[in-house]
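Visitor: Taken in order, these protein sequences are the chains called A and B. If you're matching positions, the first sequence starts at 1 in my numbering and goes up one per residue. If you're matching positions, the second sequence starts at 408 in my numbering and goes up one per residue.
Simulated from the structure, these hints should not be mistaken for laboratory data. It cannot be assumed that every hint is accurate.
Stated by the list, open to error - Subject to a maximum C-alpha distance of 25 Å in a straight line, what follows is the list of computed DSS-like cross-link-like pairs (lysine-lysine):
(1) A/K308 to A/K25
(2) A/K137 to B/K444
(3) A/K2 to A/K100
(4) A/K25 to A/K70
(5) A/K55 to B/K444
(6) A/K55 to A/K173
(7) B/K444 to A/K2
(8) B/K414 to A/K245
(9) B/K414 to A/K100
To be verified - Simulated coverage check for chain B against chain A, where a stretch passes if three residues somewhere in it have a Cβ under 8 Å from a Cβ of chain A:
(10) 414-421
(11) 434-441
(12) 445-454
Just so you know, even glycine gets a beta-carbon here, dropped at the ideal spot from N, CA and C.
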Amino acid sequence: MKDHYDVIVVGAGPGGSIAAKTAAKEGLDVLMIEKRQEIGDPIRCAEGVGKFHLKQHIEPDPRWICADVKGSCIISPDGTRVEMAEEMSGGEVGYVLERKIFDRALANESALAGAEVMVKTRATDLIIENDTVCGIKLMHLGKMHEVRSKIVIGADGMESKVGRWAGIETAVKPSEMETCAQYLVSNANIDQEFCHFYLGNEIAPAGYVWMFPKGGNKANVGIGILGSKSGEDRAIDLLNDFMEKNMPDAKIIEMVIGGVPVCGTIDRTIANGLMLVGDAARQSDPITGGGIINAMNAGKMAGEIAAKAIRTGDCSTDTLQEYEELWRKTIGKEINNNLIVKETFVNFTDEDLNSLAYSLKDVNFTSMSLLDLLKALFKANKKLLWDLRVIFKDFIKNDIDFKYKAE
Amino acid sequence: MSISVNKYICGYCGACVGVCPTGALELVETWIEVDNKCTGCGICQKICPLGAIEVNR
């Protein structure tokens, strides 16, 4: 460890690693720190990811791909099934990853690109001078150090402190957080080609249960419920209920828990000398809870703009504003559209959900994107889905894909 | 007012840190640290996926 770098990345998840790799490839001197002694472990993730978007960042490798998914299947409270085909499901199916290996592969790529990686190293504060972030204070093996940098990239996840230290409000309300529990199970006996989503206010209040295939008759079976609905029954209790009723023969071999921000875009993700990416910037998708691709895309943007800022010698918000604008018009646009969908759906009764699913019984799903699905739903249920009309208007006006494509 | 985190229940996911309005909590590797900014508001207690947090009254 040196006492000065161009860029310090806090957190070695997918967002941090892509930011570090991008910055290092631009010729910058990069330090990436991870507070845990092992990158990628323990996971806090259902591990589903869209193929198309993943391939923009890394060549798929069988060492970290557990299952190749052909589509997704949504199951309404009365058991009505709605199936969507491959590459048309909104980008959140495709592969089910082994995050423990995937995250390490990404960190390794950033190391190979020239970044210095330090594990068991935790940021404890920012160095702020003249209203500008000039580095971090960190602890490694019980010893405190100060390391200076031109830019800090906060990729410190859902439990981010970096933004708060810089005066950026990142706290989310209970009604803006899905509280989640998941088991990795063997003897799952599910269709290994489909990701399954179970909706229902009894099963998962303002959330859903997922079953993602992990290969070899294993599956990630998890639940997310809105924090404001948690209390008497918690995520873990509802998951245990679901398992007992629906998967009595499954054998639990791992427990995973976590929180997913579903708050929509926050007001600010930059400060002088600082950018936030991924869950730290609350860039997870409010419908699916997926955050890997958004974090990686934001990480790439932040890495590139860090290089640009350092080349021009101005790392203030004047230059970093470009990051803010870039992610908002791509990732942010999608997040805010999906927030409208989420806020409509969390208010539905089980009867509403059943009738929505039933309204799709005659729709051909072979070429169905999530937007097409929503359009079909809207057409058949205008009254129930009236709040969603703004989305379609917006999409028609701007003619953009529901899942934005790389520019 | 403060909280107690039962380390035998806690799964160190950090969800409580994300919702803490005062920034009093921190996830340090495998445990949660609480500092004196904690007001005992109980939001973390509500959202904990495993029910590891109690508000001290």
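Visitor: Could you tell me which of the numbered hints above are not met by this structure, giving the numbers in increasing order?
Guide: 3, 4, 5, 6, 7, 8
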